[in-house]
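Work the whole structure out from these sequences, hints included.
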Amino acid sequence: MPTVPTVPTVTTLVATIGDKVGTFTIKQIGLNVVEGVFYNPWPLCCFSMNRTITVGDDIGISCEGVSIILENINFPSQIAVFQRTLTSGGRSCPICLSGDTIINTLNGPLNVKNVTVGTPVWTVDRFGRKTTGTVLEVRKSPVPSIHEVVHIVLQDGRQLYASPAHPTADGRTFGELKQGDILDNSVLTVVELVPYGQAYTYDLLPSGDTGFYWANNILVGSTLSPA
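Residue 145 in our numbering is what sits at position 145 of the sequence shown, and the numbering runs on without skipping anything.
The hints are simulated quantities; they were obtained by calculation from the structure and are not laboratory data.
Hints may contain errors.
Once the Cα atoms are required to be at most 27 Å apart in a straight line, the calculated DSSO-like pairs of lysine-lysine come out as [unchecked claim]:
1. K140 x K130
2. K178 x K27
3. K113 x K140
4. K130 x K113
So this is what it looks like as structure tokens:
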């Protein structure tokens, strides 16, 4: 039976100062720009940034199948008109690691892109003791062009780029971290949200009690853990 193509749902949204359009709250409407606060959806609650948009800019979340394009600005009336397009083609928003990440394996450092099922890696047991494990699963997730990641730098020089919802080894997410917090026995000196600029994010699941592994020499959790 042939597949019937999905017809996108298109809606016109008329908004003014104070209105929320998708994850964007309008603060000011100028002659040619709209200024506001954009809430990053990975996770939605944890990161916000000031953003200025112009006609043609898309503030939707493409990995959720949502496009919200600024169509027109009516400055005298202080109105912004958006076109919202919803399709069923959205994927789960990515919550994994940067493609530049180095994984600690028994055979030495290995780029996360080259880790495969069966690769021997270092992990920890339920008592926090370092032990050996084998990769049971790997994930390569496509990301939208607007995807942003958290860049962290520790006082001892270690650093990592991860999606905000990626888990740490102590039960938090990278989106919850703040400058001055302790992570993996070191103080966070930099916590910033930055554009990603790559096509995919990556994750893996080691065997053992915890699913933890070392990424850029930082102990992290896995999004693939069943717990």
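- Message: Checking one constraint from the list: CA of K113 to CA of K140, max 27 Å. Satisfied?
- Response: Status holds; Cα separation ~8 Å.
- Query: CA of K140 to CA of K130, is that 27 Å or under?
  - Reply: holds (26 Å)
- Query: Given the proposed pairing of K130 with K113, does the C-alpha separation stay at or below 27 Å?
  - Reply: holds (23 Å)
- Task: For the pair supplied as a hint, K178 and K27, confirm whether the alpha-carbon distance does not exceed 27 Å.
- Result: holds (26 Å)
When the structure is compared with the earlier hints, no violation turns up for any of them.
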